[in-house]
Amino acid sequence: MDILDILRAALQQALGPQAIVFALAAIGLNIHFGYTGLLNFGQAGFVAVGAYGLAVSVVTFGAPFWLGIVMSLVAPLVLAVILGVPTLRLRADYLAIVTIAAAEVLRFVFGSVEMKDTFGGSNGLNGFARPFQQANPYSSGIDLGIISFGRNDLWSLTVGWILVALCCVLVWALMRSPWGRVLRSIREDEDAVRSLGKNVFAYKMQALALGGVIGGLGGMFLALKQASVVPSDYSTLMTFYAFAALLLGGAARVMGPVIGSILFWFLIAGLGSFFSQSAGEGGWIPSVIMTDTQASVIRYIVLGLAIMLLMIFRPQGIFGDRREIAIDGR
Amino acid sequence: MRKRLYRVLVALIGALMVLLVGSAGAAQATATPPPDATAIQVTLQDEANKDAQGNPKPISGVTLEVSKDGEKAGEGVTDAKGVAIIVVQELGKYTVTLDEKTLPEGTVLDESTKNEATVHVRFQGPNNRAIFPIGVTAGEKSNFGKDLVKNLRAGIVFALVLCLAGLGFSLIFGTTGLSNFAHGELLTFGAVMAWTFDQIFKTGALASVSVLLAGIIAVALGGLGGYVQDKVMWGPLRRRGTGLIAMMIVSIGLAIFLRYLFQYFYGSSTRSLSQYSGQQREQHWYYLGLSLADREAIIVLISIVTIIGVCLWLAKSRMGKAMRAVSDNPALAASSGLRVDSVITNAWVIGGALTALSGVLYAMQLQVNSFMGMRILLVILAAVTLGGLGTIWGALVGSMVIGLVYELGPLFGVPTSIKEIGPLLIMIVILLVRPQGILGRKERLG
Amino acid sequence: MDAEMTEQTSTTGPAGLVGVSTEPGSKKPDPIVVADNITRTFGGLTAVDVDHVEIQRGAITALIGPNGAGKTTFFNLLTGFDQPNSGSWTLDGKSLKGVAPYKVARLGMVRTFQLTKVLAKLTVIENMRLGATGQKGERFWAAPFKFLWGKQEDEVTKKADELLARFLLDKKREDFAGSLSGGQRKLLEMARALMVDPELVMLDEPMAGVNPALKQSLLGHVKSLRDEGRTVLFVEHDMDMVRDISDWVVVMAQGKIVAEGTPESVMADQRVIDAYLGAHHDTDLSELDEERLEAEVEAEIAQEEDAK
Chain C
1 MDILDILRAA LQQALGPQAI VFALAAIGLN IHFGYTGLLN FGQAGFVAVG
51 AYGLAVSVVT FGAPFWLGIV MSLVAPLVLA VILGVPTLRL RADYLAIVTI
101 AAAEVLRFVF GSVEMKDTFG GSNGLNGFAR PFQQANPYSS GIDLGIISFG
151 RNDLWSLTVG WILVALCCVL VWALMRSPWG RVLRSIREDE DAVRSLGKNV
201 FAYKMQALAL GGVIGGLGGM FLALKQASVV PSDYSTLMTF YAFAALLLGG
251 AARVMGPVIG SILFWFLIAG LGSFFSQSAG EGGWIPSVIM TDTQASVIRY
301 IVLGLAIMLL MIFRPQGIFG DRREIAIDGR
Chain Y
1 MRKRLYRVLV ALIGALMVLL VGSAGAAQAT ATPPPDATAI QVTLQDEANK
51 DAQGNPKPIS GVTLEVSKDG EKAGEGVTDA KGVAIIVVQE LGKYTVTLDE
101 KTLPEGTVLD ESTKNEATVH VRFQGPNNRA IFPIGVTAGE KSNFGKDLVK
151 NLRAGIVFAL VLCLAGLGFS LIFGTTGLSN FAHGELLTFG AVMAWTFDQI
201 FKTGALASVS VLLAGIIAVA LGGLGGYVQD KVMWGPLRRR GTGLIAMMIV
251 SIGLAIFLRY LFQYFYGSST RSLSQYSGQQ REQHWYYLGL SLADREAIIV
301 LISIVTIIGV CLWLAKSRMG KAMRAVSDNP ALAASSGLRV DSVITNAWVI
351 GGALTALSGV LYAMQLQVNS FMGMRILLVI LAAVTLGGLG TIWGALVGSM
401 VIGLVYELGP LFGVPTSIKE IGPLLIMIVI LLVRPQGILG RKERLG
Chain R
1 MDAEMTEQTS TTGPAGLVGV STEPGSKKPD PIVVADNITR TFGGLTAVDV
51 DHVEIQRGAI TALIGPNGAG KTTFFNLLTG FDQPNSGSWT LDGKSLKGVA
101 PYKVARLGMV RTFQLTKVLA KLTVIENMRL GATGQKGERF WAAPFKFLWG
151 KQEDEVTKKA DELLARFLLD KKREDFAGSL SGGQRKLLEM ARALMVDPEL
201 VMLDEPMAGV NPALKQSLLG HVKSLRDEGR TVLFVEHDMD MVRDISDWVV
251 VMAQGKIVAE GTPESVMADQ RVIDAYLGAH HDTDLSELDE ERLEAEVEAE
301 IAQEEDAK
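Residue numbers (our numbering), protein chains in the order written: chain C, 1 to 330; chain Y, 1 to 446; chain R, 1 to 308.
Accuracy of the hints is not assured; some may be wrong.
Derived SDA-like pairs (lysine to any residue); straight-line CA-CA distance at most 25 Å [unchecked claim]:
#  : chain 1 : residue 1 : chain 2 : residue 2
1  : C       : K116      : Y       : T242
2  : Y       : K68       : Y       : T38
3  : R       : K146      : C       : K116
4  : R       : K171      : C       : V169
5  : R       : K121      : Y       : T102
6  : R       : K146      : C       : V169
7  : R       : K27       : R       : K172
8  : Y       : K202      : Y       : M233
9  : R       : K172      : R       : S224
10 : R       : K159      : C       : D189
11 : Y       : K321      : Y       : I298
So these bits of chain R aren't anywhere near chain C, every CB distance computed over 10 Å [what the hints assert, rightly or not]:
#  : residue
12 : P24
13 : T39
14 : K103
15 : E126
16 : K136
17 : E138
18 : E153
19 : K172
20 : E174
21 : G209
22 : N211
23 : H221
Treat the hints as calculated values from the structure; they're not laboratory data.
Heads up, the beta-carbon is just placed ideally off N, CA and C, and yes, glycines get one too.
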C-alpha cells in the first residue's frame, strides 16, 4: 500500500481532463436541476451529441474544423428542442423518463453496426482533432512534484479550465438577472410564475437548451482531448457521475458543480486506487472477498450509495447551508 | 449450451449475429493449400444458407477480378469450398471485384457490402483475405412471412414478460407517485436469484424441478425485497415528506448501487438457467399457427395466469380495491379510513414479486446478466408511458404494444441492434399527441 | 320568504349595480367578464355548469357556495389553468377561450391561489420583483448584461418596496418567503399579484388560515383595490368578509349559479339557504376545517333569518 500513490492518482484525476468534462456536464445539470428544477436524467446524451456533432461533421462529412465546433454547439440545442417540446408541459417524471431513454438510445445508435458508416460503430471516430493539437503553444509538459501532466494534457487542461471558468461566469451573470429569478421561481412553483404572466414553457426550454449546450461543450472538450469519440463513454453512468458531483458540491450554486466535480474525482480515483492496491496480488484483502475485477467495481457501488445518501441526508451539498438548498430533501 | 443460445439469439437479433458469426467462420476456412506466391485469398459464403452445424455454405463458381489502381492485376474463380486464390505481383492496395452475374440463382449480395472489397496486401504469401458476406438480404426477402411468425412469437413472449414488470411498476407508481428508476434492477434481482438457486438445486435430488424451485424462491425473495425496501427506505422517506424529485434521484442511486452490487458478485458475464441451456430437445406446440417451444409455452402460460390473477385480485379483493383507491386519490382514500401506508407496503411486495417473476421468465427465455435490468427499464418506461403512467390497465395495453413493436420493428427497417428506437419513438409521439397515454386521464399530468 | 320578496330587497346596490336583477346570470351595466355555457366534467361528475354570468367592472364580487360547488374550478377555468369542456368567456370583450394562463395574466386578469403559492426559497423582495411585467432582464439575451436592465430593476424594486410597505411586509423584505406565516403569505401573494398591475384581481379564499388580527388589514387592502379602480372577484367562506366588503355576491351550488345579488339579499334568499342546507349531507369529511367553516356559515344564515 502506497499512500502517496493513492494521493497522486486522486489529484491527477481531480485536476485532470475528467474533472473538466464532468464539471461542464454538472454545470449544465445545475442549470436544469439546481436552478430550474428540471430532472434531466440524460445529460450524457447532450454530452454525446456535443462530441459526435464535432466528430461526425468533420470525419464523416468532411466539414472544416470550425464548422465541426459550431455543429457541436448546435446538436445539443436540437436535442433539447426534440426532448423538451413533448415533455416540458408535463410533470417532472416525463422529462426524466424521456431523457434517460433518449440518452441510452443515442448511445446505442452511435455504437450500432448498422450506422457504422456514419458514427463509426463501437470503435467510434477519430482524426478530427488535429487543428486543436496544432494550436498547442506549449513546448513541454509540467511537473508539479507529486503530479505531472504531459504537453498535450497541459494544453487540454488550459483550454478546459478556461471553458469551465467562462461557463461559471455566464451562469453567475445569468442567475443574478431577472431571467435567473424566473428560473428559480419555476423551480419553486411554476403555477405561481404562470399566474404572474410569464411563459413558463419558454423559460424551461431556454434552461434545457442552455444546460444541454454546456453539457455539449463537455462532450466537445472530451472529444478534442481524446482525439476520438467512443460511444461507451456516454453511458448513463456519465449522467449520474455528474449528478453525484453536483450534489456533492451543492446544487443551485455557481461554483457547486466545479467544486463537486473536483472533489468527486478526487474521491473516486482515490478509492479506485486504494482498492486496486488492496485487492489482488500483494493486497491485504484476500481474493475470496475481493478480486482485482471486483475492486474495479467498488467505485460504482460507492457512487450509487453516495447519490442516495447525499440526496437523503445532505441535499444541500457538503458545504451548503440547508436553508438555501434548491431541492428540499424533506 | 452455446448453440441453443445462438439459435434463440438469431431469432432475436438476426442480421447482426449472422454477420458477426459469419465473419468468424470465414476466417477459419483456409482449406486450399496455399501456393508459394503472394496472393489474395477470397472466401465466399452464403450466410443465409447454413448447414446442420450452422456453418454457412460455400459458393462456388464465382468469378472474381483483382485490380490495382484501376488496372487489372488478376482473376480467379471460387472452388467447391468457396475459396479463390488470386496471385498478385507486388504488395499494396488491391480492389477485389465480384462478378454478380456469376453468382448462383437466388443469392444476393448483402446491402451493406458492395460487389467490391478493398484488400491491403501486406505479407508475402496467400493469407491476404477478402470476405464477401452474401445472402442476408436474399434470406430476408424470401422469408418475410417466416420471419414475421418468428418475431411475432418472440414479441408475444417478450410482451407478456414486459407486462409483469410493467404491472409492478404501475402498482408502485400508482400508490406512491414514484417513478422508480431502480425497477430494472428489481427485475435483474429476480433473474439473478433464480440463477443462483438453480445452481444450488441442479446437481442435487431436485434437479428435475430445479428451475421451477429456483423461480419460486426468486419470486418470494423479490416480494421480500420490495417489503424491505419500503420498510427501510421509502417508508421513512415518505413520512419525512421527501419530495418526489428527490425520491427519483434516490431511486437512481439505488439502481446504480444494486447494478454494480450484482456485478460485484456475479461478474459481467452472461449465464443461462440449467434446464433451458439448450442441451435437451424441446417439444414444440402449435397454437394459431405459432409454434412455441415448451419453454415458451410455459412462459406464456405463467404470464397470462399471473396477469389474470393480479387483475382479478385488483378488481375483487379488499386490498386490491384499496390499492386502486389509493392510486386514484391518496388524500381521499386516507380520509375515508384506508391505511394508506399498509396499502403502499402491499404494493411494494406485490410489485417486487411481479417484477422478480418477470426477471425469472426473462432469464428462462434468454439469459441472466447484471446489466439486463437497465436496458429493459427503458422499454418498461416506454410501455407504461404509452399506456398511461400509473394506470393498471394502461400498463397492460402499453406493454403488449411496446413488446410487439420491440420485436417486430426489425422487420420494418429498425436496425436490430438498436430495437429500443421503436418504443422510444412511440413514447415521444404519444407524449406529443396524448400525454396522458392511451388509458390515462388528463388530470394526472398535474 | 319567496322569490318575489328577494326581488324587492335587491332594487338597490352599490357601485353601479343599482337596480340590477338578482336572477342568476343577470345583465350588468358595465361587465368586465362575460361567461357563457361553461361546463367542466371530471369523469362522470359535472363540476361546473354555468349558463351565463357577468362580473361588474370596478366592483368587489364575491363567489360563494358550499363545498364542491365548483367555485375554484370555475376560477381555474376563467384564468386558463384548466380547460372547460365547452363554453366561451371574455375579458374586456376579448375571448379567453384556449388562451394560456400566462397570457390571461398579461391581459390583466391575475389570480391568487387557495393554497398560497409563495416561492419559498426566494426572499420576499425577490417574490415581489418577479411579479413586475415587461422586464427586459427576463429576456435570455439581455440577462447577462446588467447595464441593460439595471435601471428597470431599480424601478421595479421601488414599486415593490412601496407595495410591501402598504401590506406591512417591509420588515420581512429580506426573509425567505418560506419563513412567513400563513397570513403573511396571503398578503405577499396579493401584493405580488398587484405588481402585475391587473385590472381584475381574482382572490381564491384570501381569508383561509389568516389570523383575526390580520383579517382587518386584509379587508382594508381588498377595499383599497376597488378604490384604485380595479375589479375584484373572490371566493370566500368567511361570511363576515363577504358581508363587509362585497358589492355583489354570486352563489354557486353543484356547479351552477343559483343566485346573485347584494350581500343582504343573497343571505335572505331561500335558494341560497337550500343550497347550503342541501349540501350538508355531501360534506367532504377530509376537509374538517371547511366543515367547521360551513357550520359557521349556516349559523350566520340562521341568524339572518331570526333577524328578519
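Status of each hint after checking the structure:
1. C:K116 / Y:T242: Distance of about 45 Å is beyond 25 Å: violated.
2. Y:K68 / Y:T38: 15 Å, holds
3. R:K146 / C:K116: It is violated: about 48 Å lies between the C-alpha atoms, which goes past 25 Å.
4. R:K171 / C:V169: 33 Å, violated
5. R:K121 / Y:T102: 77 Å, violated
6. R:K146 / C:V169: Roughly 13 Å between the alpha carbons, so the hint for K146 of chain R and V169 of chain C holds.
7. R:K27 / R:K172: Not OK: K27 of chain R and K172 of chain R at ~44 Å, beyond 25 Å, violated.
8. Y:K202 / Y:M233: Not satisfied, since the Cα-Cα distance of roughly 35 Å exceeds 25 Å.
9. R:K172 / R:S224: Holds. K172 of chain R to S224 of chain R sits at ~22 Å (cutoff 25 Å).
10. R:K159 / C:D189: 23 Å, holds
11. Y:K321 / Y:I298: 30 Å, violated
12. P24: Label holds. Min Cβ-Cβ 28 Å, cutoff 10 Å.
13. T39: Given a closest Cβ separation of 23 Å, the condition holds.
14. K103: With a cut-off of 10 Å, K103 of chain R comes too close to chain C, as the shortest Cβ separation is near 8 Å.
15. E126: E126 of chain R is in fact no farther than 10 Å from some Cβ atom of chain C, at 6 Å.
16. K136: 8 Å, violated
17. E138: Given that some Cβ of chain C is not farther than 10 Å from that of E138 of chain R, nearest at about 5 Å, it is violated.
18. E153: 7 Å, violated
19. K172: 15 Å, holds
20. E174: 13 Å, holds
21. G209: 17 Å, holds
22. N211: The claim holds: N211 of chain R sits with its nearest Cβ about 23 Å from chain C, beyond 10 Å.
23. H221: At roughly 18 Å from the nearest Cβ of chain C, H221 of chain R sits farther out than 10 Å, so the non-interface label holds.
Violation of the numbered hints given earlier is confined to hints 1, 3, 4, 5, 7, 8, 11, 14, 15, 16, 17, 18; the remaining hints are satisfied by the structure.
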